[in-house]
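Sequences and hints are given; from them, build the entire structure.
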Amino acid sequence: MLHLLSIVSPIFIVLALGKILSLFNLIKTDFINASNRLIFFVLLPALLFYKIAQAEIYTSFNLTIFLVMCVTVFSIFMLSFIVGRIFHVGKKQLGTFAMNNFRANYAYMGLPVSYYAFGDEGLMIASLLMAFIVPLVNLLSIISLSLNSSKKVRMWTFIKNTLLNPLAIGCILGIIFSLAKIEFYYFIDKTLSLLTGVTLPLALLCIGATMKREMIRGNKLLIANTLLIKLLVMPFTAFLIISTFSETISLTGQVLIIMLSSPAATVNYVLASSMDGDPDVASGGIILSTVFSLFTYIFWLAVLV
Numbered sequence: 000m001l002h003l004l005s006i007v008s009p010i011f012i013v014l015a016l017g018k019i020l021s022l023f024n025l026i027k028t029d030f031i032n033a034s035n036r037l038i039f040f041v042l043l044p045a046l047l048f049y050k051i052a053q054a055e056i057y058t059s060f061n062l063t064i065f066l067v068m069c070v071t072v073f074s075i076f077m078l079s080f081i082v083g084r085i086f087h088v089g090k091k092q093l094g095t096f097a098m099n100n101f102r103a104n105y106a107y108m109g110l111p112v113s114y115y116a117f118g119d120e121g122l123m124i125a126s127l128l129m130a131f132i133v134p135l136v137n138l139l140s141i142i143s144l145s146l147n148s149s150k151k152v153r154m155w156t157f158i159k160n161t162l163l164n165p166l167a168i169g170c171i172l173g174i175i176f177s178l179a180k181i182e183f184y185y186f187i188d189k190t191l192s193l194l195t196g197v198t199l200p201l202a203l204l205c206i207g208a209t210m211k212r213e214m215i216r217g218n219k220l221l222i223a224n225t226l227l228i229k230l231l232v233m234p235f236t237a238f239l240i241i242s243t244f245s246e247t248i249s250l251t252g253q254v255l256i257i258m259l260s261s262p263a264a265t266v267n268y269v270l271a272s273s274m275d276g277d278p279d280v281a282s283g284g285i286i287l288s289t290v291f292s293l294f295t296y297i298f299w300l301a302v303l304v
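Numbering (numbering that gives the first Met the number 0), first residue to last: 0 to 304.
Take every hint as true, because none was put in to throw you off.
Here are the simulated lysine-lysine pairs, BS3-like style, with alpha carbons at most 27 Å apart:
#1 K91 <-> K211
#2 K91 <-> K219
#3 K219 <-> K90
#4 K211 <-> K18
Per label pair, the in silico range of CB-to-CB distance:
#5 E120 <-> H87: 42 to 50 Å
#6 D29 <-> Y184: 33 to 41 Å
#7 R216 <-> Y57: 41 to 49 Å
#8 G89 <-> K180: 50 to 58 Å
#9 I81 <-> I175: 34 to 42 Å
#10 K189 <-> S272: 38 to 46 Å
#11 V197 <-> S8: 15 to 23 Å
#12 V197 <-> M77: 37 to 45 Å
#13 L220 <-> D29: 30 to 38 Å
#14 L231 <-> L194: 32 to 40 Å
These aren't lab readings, by the way, just hints derived from the structure by calculation. Glycine is no exception: its CB is placed at the ideal position from the N, C-alpha and C atoms.
Below, the structure written as structure tokens:
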């Protein structure tokens, strides 16, 4: 147990540090906003590109695990709407609730935990999985919100959020470099290593700094269901499918389960606000799932490692 705690605790210590620094005004709103833009448009795409480009896709890519990922995400997508209908959830809340359940903080939380739990190979596999899961959850997020919104989704919005997303572009370029077996010059490799090394710590500091108690609002029943579905049901679905067809869970399967057990994505709040969703349900689910993920990460690592 102490070993597992030592894997996860550095991530949450940095989150807590971000909160403490914000309380002493050492991290302010302008810094957080600028850092988030830098992470989203430069640092994280560079990290994904760098790690995927270094991967041996022919050996690292596992079609079975990819199919498990797709089936799991679609299953949670459908389950969320079924649960929403059972509890007679309003239209504005339903799309946000569904999005919180399947769109996780794969980048800011899933990548660090994969790295600390499984090392560089785990980070590489997690980055490769993100190349496929990011466009998928972006697409389903738009569908979830548009189904229950009075606003029409423009084609440009759809393309921008799925195909022209900086993370998706970084992943696609990484896949091209990997398949083409393009090797980086020494100075380029060291530059990317230096640049991308700041990505995960900075992202965790920003998440911690933005976590506020007053953001925990919205439908408490929906938020409780999000904690259950996002942190337990979703990774368990993948775990059950893999265990059914295989006696052992490969490293790729283990990384997938950890990625799927990540808390709700912070970007869900932005999407809910801009696409006629429920920002309160989004923020409540994001904050509480992030806090409780400390315990569920330890649980899933205990099951897998």
